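Colleague: Sequence:
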Amino acid sequence: MGDTTRRRTVLAAGAATLAGTVLSGCGSDGGTEASDGYGSGDAGGNAQGEPSAGAAAGGGTGGGQALAQTSDIPVGGGKVFKDQKVVVTQPMAGQFKAFSATCTHQGCSVASVKDGNIVCPCHQSLFKISDGTVAGGPATRPLAAAKIAVEGDKISLA
5 MGDTTRRRTV
15 LAAGAATLAG
25 TVLSGCGSDG
35 GTEASDGYGS
45 GDAGGNAQGE
55 PSAGAAAGGG
65 TGGGQALAQT
75 SDIPVGGGKV
85 FKDQKVVVTQ
95 PMAGQFKAFS
105 ATCTHQGCSV
115 ASVKDGNIVC
125 PCHQSLFKIS
135 DGTVAGGPAT
145 RPLAAAKIAV
155 EGDKISLA
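Mapping of the sequence shown onto the working numbering: residues 5 to 162, in sequence order.
Just so you know, the hints here were simulated from the structure itself, not pulled from any lab data. On a predicted model such as this, the values are computed, not experimentally measured, just so you know. Some hints could be false.
Below, a list of computed lysine-lysine pairs in the DSS-like style, where the Cα atoms sit at most 25 Å apart [what the hints assert, rightly or not]:
{"#": "1", "residue 1": "151", "residue 2": "89"}
{"#": "2", "residue 1": "118", "residue 2": "89"}
{"#": "3", "residue 1": "86", "residue 2": "158"}
{"#": "4", "residue 1": "151", "residue 2": "83"}
Use the sequences and the hints to build the structure in full.
Modeller: Structure, rendered in structure tokens:
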């Protein structure tokens, strides 16, 4: 009987390890936010995905990595920076926002900005460029806000 119990324990531990490995690669669409290095919506601004007051006013320190010129970000559109895993948008002239480029559905990287939405190519989730909220599923949670600094015509990570 000791061998049977030991065998069940080993099999259960192996199954749990396998399940954890598989699920960790798929991301989560549960009730908790996964950490993506950019914090949640209220870490860098408010829940609507706005940058910090210093970044919004162009008064950031500028110590972060340079991303783009303001002229590189089209009004009503945006640009995905794959290496930095961030999307910078310009919903209205002179208003710059930044979000994590990691889709909240299953962790894929968003690939483009089109028709006022940030687009994830994996399952076609759409996020509004103005605040990162879901414009079309299957994602149910908004993109996390990222901190940027706008100084003159330069945009950088804050």
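Colleague: Now tell me, hint by hint, if it's right for this structure.
Modeller: Comparing the hints with the structure gives:
Of the supplied pair hints, the one linking residue 151 and residue 89 holds, its CA atoms being roughly 12 Å apart against a limit of 25 Å. For the given pair, residue 118 sits about 18 Å from residue 89 by alpha-carbon distance, which is consistent with the 25 Å threshold. Restraint check: the Cα-Cα separation between residue 86 and residue 158 comes to about 18 Å, which is no more than 25 Å; the hinted pair holds. For the proposed pair residue 151 and residue 83, the alpha carbon gap of about 15 Å is at most 25 Å, so the pair holds.
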